[in-house]
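Colleague: Chains as they are written, first to last, in our numbering: chain A, 0 to 620; chain B, 759 to 1097.
Think of the hints as simulated: they come from the structure by calculation, not from any bench. By construction, the Cβ of each residue, glycine as well, lies at the ideal position given by its N, Cα and C atoms. Honestly, I wouldn't trust all of these hints.
Said to hold, decoys possible - FRET-style restraints, in silico, Cβ to Cβ:
id, chain 1, residue 1, chain 2, residue 2, range
1, B, Ala-1067, A, Thr-609, 39 to 47 Å
2, B, Asp-771, A, Ala-57, 53 to 61 Å
3, B, Gly-1091, A, Asp-232, 18 to 26 Å
4, B, Lys-953, A, His-436, 44 to 52 Å
5, A, Val-508, B, Gly-1091, 34 to 42 Å
6, A, Glu-455, B, Ser-1032, 53 to 61 Å
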Amino acid sequence: MSTTTDETTIVKEIQPLEEATVRFCGDSGDGMQLAGTQFSNTSALAGNDIATFPDFPAEIRAPRGTLAGVSGFQIHFASHDIFTPGEAVDALVAMNPAALKTNLGDLKRNGVLIINSDAFDKKSLGQAGYETNPIEDESLSGYQTFAVPMTSMTRGAVDGLDLSVKEADRCRNFFAMGLVFWLYGRSMEPTLRFIDAKFAKVANVAEANRRALKAGHAFGETTDAFRSSYKVDKAKLAPGRYRNMTGNQALAWGLMTAAKLSEKKLFLGSYPITPASDILHELSKYKNFDVLTFQAEDEIAAVCSAIGAAYGGEMALTTTSGPGMALKGEAMGLAMMLELPLVIVDVQRGGPSTGLPTKTEQADLLQAMFGRNGESPIPVIAARSPADCFDVAIEAWRLAVRFMTPIVVLTDGYIANGSEPWRIPNVADLPKIEVKHPGPRNEDDPPFMAYKRNEELARPWAIPGTPGLMHRVGGLEKQDGTGNVSYDPANHHHMVLTRAKKVANIASVVPKQEVMGAESGKVLVVSWGGTYGSCRTAVARMQAAGKSVSHAHIRYLNPFPSNLGELLSSFDKILVPELNLGQLRMLLRDKFLVDAVGLNKVQGKPFTTTEIADKIESLLG
Amino acid sequence: MASAELPVLKPADYGTDQDVRWCPGCGDYSILAQMKKVMSTLNMSREDTVFVSGIGCSSRFPYYMNTYGMHSVHGRAPAFATGLKSARQDLTVFVITGDGDALSIGGNHLMHVLRRNVNLNIILFNNRIYGLTKGQYSPTSEKGKVTKSTPMGAIDNPIHPLSVALSCEATFVARSIDVHIKHLADTLEKAVAHKGVSFVEVYQNCNVFNDGAYKWATDKDTKADTVLELEHGKPLIFGKNRDKGIRLNGITPEVVELGKGITEDDLLFHDAKSADPTLAYLLTRMSHPEFPEPIGVLRDIDAPCYDDAINYQVQQAKETRGEASLEKLFNSGDTWVVE
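Using the sequences and the hints given, assemble the complete structure.
Modeller: Structure follows, in structure tokens:
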């Protein structure tokens, strides 16, 4: 659909804005993720560029009303290209005192603060550690505060629908949505459609949510409290058809697309783990795309089953997060020895061990590079944003089959759960992925050489069922060419070098490292993965101020692009912001002997643009 | 299966040119020989057969078969085989494993491959010792077993592999002995014929680290009294003179002598086709020296296979939702156009 406008009598002032950041926060049972998702989709449909940041606790339901149980969802939307979910919040919806307490610090001075005043009772205030009610004291005077009795208004709206009080109260998030929809001139239509589909089987719940949504909207329109609403124009995105995508969804679709482009079945062996499970869920929906999803008994079985499918000649995939990849290490080494194509997706989260399962981090880079026994080179590529996951997935499979190698795709919780507009590609324009399997041989043909390599050092992918190509693969060292087991010391040395060289060869077929800005200067910001948006925005801001700063965002982490060393040497200073203690920086220093400086943060949160801009400023001196 | 015009392959045609590196006298040689023989008897296609193994002496097996093969990581062969068979239903897939591989490090995977009923043939070489790591006790070693890692005797209770298999819903469960070559070949043939997971335990001698572990079952003088050959529908009779049998006393099996008022009809009759695994389970609990140990097929029932089901769902999804179209998928739901 295109844009829809509600034909409402708007008598209030409408202030135009270029961009805005809104955050919904409440108890982990309050439906804040749903509210945020609906608002994002609606904003995307209205033509804004958007970036989102869901943030929720690891517990399914932390005790109600507690600071630990606060769940939030932030949406940044704009009439221009944006790359981050924003930092300072323009409008905050707080469903209870705990949510207010934990989120108020991010609200701009004089920002819009919408509070469910019904939730500010003595008990809840106490749980959040408030001695006095902030609605009644002066502490919120610096904001445009709107204390709205959402619970009672929602109850009123759904009266007569034969709902329990608990059921009625669960519609509060729709009331909040309706109010914010009004505030930003959003159409309710997409959400009404969503309600129809989602609650098709429970007519009274559907009606209750519809009424709550409309009541929230009507409240904004009629109450005297709100004097104006806001309008953010359509973004000038590249022409085309768009849809809103999360990283996990884009990754799943990219993998399905890669399977189609190579005319393969897709076999996923996976074990549920936050924040990667949604890829398993998403792929499980599309079995009609020749997708086989195997929920294995553990992470090890997941990767092993995928390797079995790869040996069988199909597109094989395993998806996980950091602790899961740790378990997969041995089998990944085997896949590297077998020289079979396999995509291993690691949606990074806060570590080590169980760490912060629902929070983001970038600390698995070294694990992806080195987390195996022996010399075990595996290529590594990383997605930079939700929509980019689609392209990275296809690229990963393309490289895996071309070089007959497992490959690691790194994303992170921030990219995986966040969303942004994705420009729908023309399927016919997507290049096919050519996969060659050697054909049958006769008894009197010379014996098949399972490890005879092509000029790029890839071995043939001979698949079971082909007459005359019977061969055995395994983790014991193989004689070059024949693939027979070999304990010959010189052969082992040769094979270790050959496998390393094969992976290094990938650099010759991937694009040269691009740079945003001049190719030489004072500071080069080097980033990878999910920090792309904040780095890019910070650098753009500095460039606009005339500073000598450029930005190189690395997609290919192993091997690095062939021109990266030269690029690094063209700048006085290299800054590497990372959500770890300096993993890429270590690799760059090792490989290129550059004195790269780090900006490191391990708090389970993405960088703000300001953090990066401040660091660049300090390096510029 | 090959058509009639194709030459029938001899057992040797199923072997590779690789040197077999098991210790001289190892029971593995016998199993390898019978496997080649069975493949020849059944005229199995080499290119449509895959041997998947884990780690251990037995797991070198794929290197010696002129078929497709994968020597994988320790204990995980069932997982590799599950992925392979799910993706490629047209292949005949064997899992070759040992008591350490399948029951210790791979215990989890064994449990799941059995309960899923993936159409695989799992051959467990049980020598009750760790051979490749040079002589530590294994999950099937008897309590009190003195080895390099248990100088004062093993204190763990041993696992009964067939009991485990049955409790994991295995649809085909059998046992044979490395040197009983005819029985072994016959058992392997039946395993191949079974649709669904087949689990065959083979008592196998490690003449270096655990020589004679099954001497009672292989010695000419004792085997008739210590081993009971199961036949579907037949009473449980054993002994040199076939004068002993197994009778149920309540729910407990007991050894009885035929004659003196006890006839065949008083004995327990073997029913490998019973949907209820209880009697088969009782058989797995009969251990030497209190009982003769049953060999042959304990259970052989039909049940839906995992690999059929996972592919059926794909088929079903195609029928109900139509052939996959990326174009349609991408443009489904809420989209918008930027001019």
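Colleague: Determine for every hint whether it applies to the structure shown.
Modeller: We went through each hint and held it up to the structure:
no., hint, result
1, Ala-1067(B) with Thr-609(A): 39 to 47 Å, "violated, 54 Å"
2, Asp-771(B) with Ala-57(A): 53 to 61 Å, "holds, 58 Å"
3, Gly-1091(B) with Asp-232(A): 18 to 26 Å, "holds, 24 Å"
4, Lys-953(B) with His-436(A): 44 to 52 Å, "violated, 28 Å"
5, Val-508(A) with Gly-1091(B): 34 to 42 Å, "holds, 35 Å"
6, Glu-455(A) with Ser-1032(B): 53 to 61 Å, "holds, 57 Å"
Of the hints listed earlier, those the structure fails to meet are numbers 1 and 4, in rising order.
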